[in-house]
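Working from the sequences, and respecting the hints, build out all of it.
Below, each chain spelled out in residue letters.
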Amino acid sequence: MHRLYLIPTLLINVAIIFIPAALTIALAFCRWDGMGIPVFVGLANFRQLLADRVFWMALGNNVIWTAIFLTVPIAMGLLAATMMLVARRGSAFFQVIYFLPMVIATAITARVWQGMIYSPLTGIAGLITRAGFPVPNPLTQTSTALYGIAVVDLWHWWGFLCVIFFAALRQVPQEQIEAARIEGASFWQMLRYVLLPGIRPTITLMMIMTIIWSFLVFDFVYILTQGGPAFSSEVLSTLAYRSAFYDLAVGKAAAVAVVISLFGLATTAVYIRLQAKEFDQ
Amino acid sequence: MDRRTFLAGSLGVSLVPFMSRLAFAAGKPVTWWYESAAPAQQEAIAKVLVGGFNAAHPDYSLTVDYRGSELDKQMRVALLSGNGPDVVYTAGPSYVAPMARAGQLLALDDYAEKLGWNKRILPVFLEMGKYDGKLYAVPKTYETLGLFYNKAVLEKNGWKAPTTLAEMEALADEALKAKLVPFASGNAGWRGNNEHYVTIAFNSIAGPENVYKALKGEIPWTAEPFVAAINKLNDWWQKGYFGPDYFSLETEQFFAQMAAGKSPMLPSGTWHFQYIQSYFKDNADQCGFVGFPSADGLGAPVYALGVGSTLSIAAASQNPDGAAAAIDYVFSPEFYGAMNSVWQGEWNTPLEDLSMVKISDTVPALYAETMKTLADAVGDNKYGYTSWTFLPPATDTQLINGIEEVWLGRSTVADYLAQLDATFQQEKAEGKVPAVPAR
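For the protein sequence lines, the chains are A and B, in the order given. Going by UniProt numbering, the first residue of the first sequence is number 1, and it counts up by one from there. Going by UniProt numbering, the first residue of the second sequence is number 1, and it counts up by one from there.
Calculated directly from the structure, the hints in this document are not laboratory data. Don't take every hint at face value.
For the chain B half of the interface with chain A, some residues (derived, Cβ under 8 Å), not all of them [claimed, not checked]:
no.	residue
1	99
2	156
3	247
4	405
Take a look, some chain B residues computed to stay more than 10 Å from chain A by CB distance [claimed, not checked]:
no.	residue
5	51
6	67
7	101
8	102
9	116
10	121
11	151
12	174
13	176
14	219
15	240
16	285
17	367
18	425
19	430
Every value quoted in this text rests on a predicted model; they were computed, and no experiment measured them. Backbone N, C-alpha and C fix where the C-beta goes; we use that ideal spot for every residue, glycine too.
If you want it as structure tokens, here you go:
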């Protein structure tokens with residue numbers, strides 16, 4: 001009888017996760033323009049992807065993106081959270097300030113950076129340039145476009161990690177912190193030997209989620225550069241979007257989506273193994 | 001509040017969205033989904049299109065629903081599920097064939113015959129809307145590319161509007177020396193702006209005959225005339241004709257740059273006429289427009305023909321007659337005059353005879369003259385081909401994105417054209433190339 005309680009969630013999962021996922025996987029083996037009847041083409045879409053240099057550029061950009069987001073915002077978040085823990089005064093205020101970018105809609109954040117900061121016409125970059133110190137718009141250079149977008153996403157994202165880490169740090173037993181203080185531990189020693197080990201599960205989860213989210217990144221890239229200039233900031237999700245909605249090649253887009261999912265799946269498998277190990281201990 | 005009051009109140013509130021239809025809709029509903037439109041443009045649609053149509057057709061009640069820039073995606077999903085509006089607004093002829101092939105559109109031949117579209121609409125456009133011999137779409141607007149210029153800047157520097165490619169290049173070089181950006185241009189808001197310049201190069205340098213042959217598959221896109229055209233376009237980029245901020249400027253920003261005298265020329269489409277009054281303000285006559293000069297041997301400027309959106313009727317429409325009446329209304333001289341008086345460049349319906357059209361005196365005469373020139377060029381079969389109208393979707397995407405790689409030194413002209421040709425041949429084999437009327 002108690003198994004009946006599973007039915008509502010099971011139905012929701014089947015309807016909004018399993019069926020679309022199964023359809024996407026099936027479409028990856030078809031040629032479809034999004035309007036007519038799909039035609040089965042076997043592995044042709046995947047073969048096309050392997051031969052497509054833009055796909056490899058996009059995959060490379062996703063890897064760079066993941067590397068950036070696995071290090072910079074996590075380091076910034078940890079540092080700020082630890083400092084808030086040590087110096088409690090004003091921590092509530094700083095939490096709000098750090099978290100604020102997270103509650104602003106992505107589209108607004110992106111447009112603010114594009115128009116008010118990076119733009120050579122209406123932005124701060126333009127103001128500095130007119131003052132005699134040329135500052136190029138990073139979104140317009142092939143060598144910096146991806147990093148220009150990453151800065152915007154970092155600004156929006158790191159505060160969230162900071163608040164999460166701060167919440168986790170507050171759960172570290174006070175006795176351990178006090179003991180370390182009495183023993184004369186420095187700030188870095190406290191961080192290295194007491195605080196970080198204390199919140200390791202949270203850091204691991206955030207790193208796993210960062211990898212998954214990094215392969216799903218779309219909004220900031222699409223709004224700020226649409227993958228350009230010259231594909232320099234193309235990522236897998238913008239490639240999939242362009243294939244599906246501009247090239248009318250939904251099969252190819254589904255194949256890209258399957259590749260994205262494989263990365264997510266692999267990361268999730270690692271996380272589950274790590275969790276299982278922790279339970280065993 | 002007790003539970004009964006709450007339920008009654010909730011029921012009442014939930015009925016509010018339907019009240020307008022119940023209370024005010026006298027006729028049978030006709031639905032039309034539209035892309036994004038600025039408040040002033042929505043006002044023009046409400047007054048001229050919806051108000052005008054409903055007043056002229058009391059049996060029908062037209063409603064326009066704004067779906068934003070994602071209209072075509074929403075439309076495809078809706079049609080796929082057998083829903084959607086009565087009037088189907090597509091993003092261009094390349095979208096019509098797949099929809100028609102999937103049986104999502106109604107053949108319009110009977111309406112064209114009954115309502116006289118065959119006599120009123122320029123024949124070329126009826127050909128473009130055909131799939132498998134049947135008419136499925138008519139253009140909502142058609143446009144061309146040319147060269148806007150700032151008369152004051154030209155006069156101040158002793159320059160004159162170019163009539164040949166050599167004159168245009170000489171003027172651009174002079175502008176560079178004068179620390180001006182020769183071409184007001186940019187693609188920050190819409191990457192597709194790239195294709196305006198490739199289209200200009202293909203038509204005004206390679207020539208429309210060669211473009212026609214390539215579209216028909218008689219010559220490849222790697223043929224010498226196209227190599228010369230893209231080489232020239234790349235030369236212009238490398239010399240700095242497009243300026244240092246191309247990837248940062250949005251459409252209205254670069255138009256404002258031209259109006260402010262920072263650029264003498266703006267090569268782009270006739271839809272820019274809508275910005276003249278906003279940016280030139282009281283000096284609207286200071287904005288000039290000429291056909292983009294052609295290379296030696298091509299003669300007069302080539303007017304590349306573009307159709308940015310089309311109108312069809314959904315196969316699942318509950319009111320196809322009402323939808324046909326709405327489309328018919330759009331093809332009336334009265335509507336053309338009233339709409340183009342308040343909003344230029346987006347409702348240039350392909351009427352064969354513009355003599356009955358009356359446009360407000362406040363609209364620059366240049367607009368009407370340009371549209372007349374374009375209509376004559378189309379009528380005389382002397383027109384070129386815009387990429388967004390005549391290329392299949394993936395080829396067009398490659399054309400737009402690939403040119404940035406050429407400009408930024410990440411690809412060669414030969415590789416760019418080879419990839420363009422490979423994509424085109426594949427889509428051609430899949431039957432995705434839109435109809436190309438015979439010359």
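Tested hints:
Below 8 Å, beta-carbon pairs count as interface contacts, and residue 99 of chain B has one with chain A at about 6 Å; its hint therefore holds. Because the smallest distance between the Cβ of residue 156 of chain B and any Cβ of chain A comes to about 23 Å, over 8 Å, the interface hint for this residue is violated. With a cut of 8 Å, the hint placing residue 247 of chain B at the interface with chain A holds, because the nearest CB-to-CB distance is about 4 Å. Given hint, residue 405 of chain B at the interface with chain A, holds; its Cβ is 4 Å from that chain's nearest Cβ, closer than 8 Å.
Taking the minimum C-beta to C-beta distance to chain A, about 33 Å, the non-interface status of residue 51 of chain B holds against the 10 Å cut. Chain A leaves residue 67 of chain B outside its interface by the beta-carbon criterion, the shortest separation being 14 Å against a cut-off of 10 Å. Some Cβ of chain A comes within 10 Å of the Cβ of residue 101 of chain B; the nearest lies about 5 Å off, and the non-interface call is violated. Residue-level check failed: residue 102 of chain B sits 4 Å from the nearest beta carbon of chain A, not beyond 10 Å.
The beta carbon of residue 116 of chain B is kept farther than 10 Å from every beta carbon of chain A, the shortest such distance being approximately 30 Å. Residue-level check passed: residue 121 of chain B sits 25 Å from the nearest beta carbon of chain A, beyond 10 Å. Non-interface status of residue 151 of chain B relative to chain A is upheld: no Cβ of that chain comes within 10 Å, the nearest being about 24 Å off. Every C-beta of chain A lies more than 10 Å from that of residue 174 of chain B, the closest at about 24 Å, which supports listing it as non-interface.
For residue 176 of chain B, the shortest C-beta to C-beta distance to chain A comes to about 18 Å, beyond the 10 Å cut-off, and the non-interface label holds. The non-interface label for residue 219 of chain B is consistent with chain A: the shortest C-beta to C-beta separation is roughly 24 Å, beyond 10 Å. For residue 240 of chain B, the condition that its CB be more than 10 Å from all CB atoms of chain A holds, with the nearest at approximately 14 Å. The claim that residue 285 of chain B is not at the interface with chain A holds, since no C-beta of that chain comes within 10 Å of its own (minimum 26 Å).
The beta carbon of residue 367 of chain B is kept farther than 10 Å from every beta carbon of chain A, the shortest such distance being approximately 27 Å. Distance check for residue 425 of chain B against chain A: the nearest CB is about 14 Å away, which clears 10 Å, and the non-interface claim stands. Residue placement check: residue 430 of chain B does not keep its beta carbon more than 10 Å from all beta carbons of chain A (closest about 8 Å).
Checked against the numbered hints above, the structure violates hints 2, 7, 8, 19; every other hint is satisfied.
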